[in-house]
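Can you make the complete structure from the sequences, with help from the hints?
Same order as they appear, the protein sequences are chains L and A. Residue 80 in the numbering used here is what sits at position 80 of the first sequence, and the numbering runs on without skipping anything. Residue 67 in the numbering used here is what sits at position 67 of the second sequence, and the numbering runs on without skipping anything.
Just so you know, nobody snuck in bad clues.
Because identical chains share one entry, a pair is satisfied inside a single copy or across any pair of copies.
Derived pair list, reagent style BS3-like, types lysine-lysine, alpha-carbon separation capped at 27 Å:
#1 LYS2 with LYS353
#2 LYS353 with LYS149
#3 LYS318 with LYS75
#4 LYS41 with LYS110
#5 LYS348 with LYS26
#6 LYS149 with LYS96
#7 LYS149 with LYS72
#8 LYS153 with LYS348
#9 LYS153 with LYS72
#10 LYS353 with LYS26
#11 LYS96 with LYS26
#12 LYS153 with LYS70
#13 LYS153 with LYS96
#14 LYS41 with LYS181
#15 LYS70 with LYS318
#16 LYS153 with LYS353
#17 LYS149 with LYS70
Hints are computed from structural coordinates only; laboratory data are not their basis. Predicted model, so just to flag it, every value in this text is computed and none were measured.
Number of protein chains: 2
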Amino acid sequence: MKKVFDVLLAHNETKAEAFINEVNGKNPLFICTIGTTETAKIPGISAAGEHPEFTDYTPPADAELLLLGKCKCIKGVPVTPSGIPTPALISMSALKLADIPILVASAGLKVKPYVPFLDLGGSPGRDIRTGNAVDNVDEVVQRAIIAGKQLAKTADYLVIGESIPGGTTTALGVLSAMGVKAEGKVSSSMPDNPHRLKTEITSTGLSAAKERFGSLADNPVRAISCLGDPMMPAVAGLVIGAAAQVPVLMAGGTQMSAVLAIVKALNEDVLCNVAIGTTRWIINDKTSDLKGIVSQIANVPILASDIGFGGSKFYGLKAYEEGIVKEGVGAGGAAVAAMAKVGGAITKEMLLKEIERNYELLMEKK
Amino acid sequence: MKKVFDVLLAHNETKAEAFINEVNGKNPLFICTIGTTETAKIPGISAAGEHPEFTDYTPPADAELLLLGKCKCIKGVPVTPSGIPTPALISMSALKLADIPILVASAGLKVKPYVPFLDLGGSPGRDIRTGNAVDNVDEVVQRAIIAGKQLAKTADYLVIGESIPGGTTTALGVLSAMGVKAEGKVSSSMPDNPHRLKTEITSTGLSAAKERFGSLADNPVRAISCLGDPMMPAVAGLVIGAAAQVPVLMAGGTQMSAVLAIVKALNEDVLCNVAIGTTRWIINDKTSDLKGIVSQIANVPILASDIGFGGSKFYGLKAYEEGIVKEGVGAGGAAVAAMAKVGGAITKEMLLKEIERNYELLMEKK
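Here it is as structure tokens:
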């Protein structure tokens, strides 16, 4: 796979190369959009917390880690049940190395972070099996568009990531409602991707909403309201507001493909300014298919940071190579942006060292 | 008084000229910090609302006007009891003309705006006569410092304004507690400045807090907690976080002198990067003395937009020349920044035309 710097041109190579060249040497703003959904608490769905209730704390803890270099609402850092650390560790290390400004945006939270955050007017999401998952979707989209327009004036381009446990299940829900074949294709933070469970949840949600596969292809607001999560209208609005003026890197895995479908349905014109930035772990994942989803939606490029943890001395990082965590908190996009900001002067080796340094510091503190 | 563009070098001329030259042609970020205090509801204190309860709506309505060009939480726009429009009209016109990005920050609100806002963790303020006016001051300062640090990376410099009715009374309270002689010197949005009432309120508050003039000179956090308002820790933190990296224009009248005293007591080093930006109406006001307050605190420059409404065809604007409103929502600083961004290509005549155009549009809508 062709690379520019340590960034893989993972999909739509020509466009991917044009995107990385366009942002080469430029100053981005990184926005981490955090939210929660009760969907994450369905047993077997998320690895983002040791107990289902912990998923309420993961997004604010990630936000604190990004801005403070440590968490305040929990001790230590968010980890999977087996002790593997949050991908916010990657994002934080990359953004710090490249001195990229960070803004946290709340899309709807049960627990608020002890750091400043942009309030986009959303509220926490419900279990999508109810078919009535998110309130106030249209208003959040509109507010996020306003924010995106203003923030686009403060940077050469935006990198927009997310932290919302359960988000690949809601992604499957919205993609299905909008007629994108994503069954068996969405990613998971666990090595054993619970596809059957996600499909069941989506079916239950569609029935409860009296909808079916594809019935909401032209109604993304209702698709989110029924089967989505609060992150989606927030990120979609930010992308729409910003991408009319500057390039936008949607930083995430298959969750961002659901946002892509929403953006396309709301304002297709901005897609020429949009790319997806993710990790090598997502691109190489045998249990999901980001490219297969994206190519059904739009002809946007995918870039992936080439960073790997195979050579790390820490088990907690090495585990990423076994398909645990893989992506989140905009980790892949943040790494891409850090490398691009300095014309490749930050390499994957340098980034790994910084991540290991921060990992050690945080685990000591714990 | 010497001018650069249509900006008066109103105080500390050499430093003022250096500041305007430093920001000439540069891209600022405008932050409007909004909050409420029960102090505004003391009869006779504020002109920011027709009825005391309206003061809860003025800051969010100002924020909406800045971002949407119209208000959502109220009909029309905030006006004084005699129908004179909010200075947000000036800020909005200036920022729009010069295409300056806007961020709204909430320092503590009773009524939330229907637009995105940065939540700094504060809560609405109480009547300062209780001597127990603001909660969580230290935490808000710390969070605002974090935000200021990040936002400083997104712009060449920051312009930080405020909208908080009752703010000149709380300014007198904090300045007095910190030993700055401000009695009879703070400004008012009304032509008859109720100095005696403000002094009484401050005395009552000092007694209730078991403090006296100057007793909190070295304890700005307690000065705000006892006699201040929520805007103060938010703006002070933003200034401290940002001014370590980039210039900061504190956009306001005598309310900003209270913040200046707080910033000095918390981190004097940043003051070399700070100026106050205000209006000609404040500089020429016979009922207040911004320079007299500032010169007791620190050797920072004051710049003032030279815009006047004497030649306006609208009574609602002409009234500004009679000492009504005068300043607020960062009007003076926004005008200074708009002129400086384009090297003076925006003149006071052009700005007046834009303000009149928006005034007409908004009054028609009403």
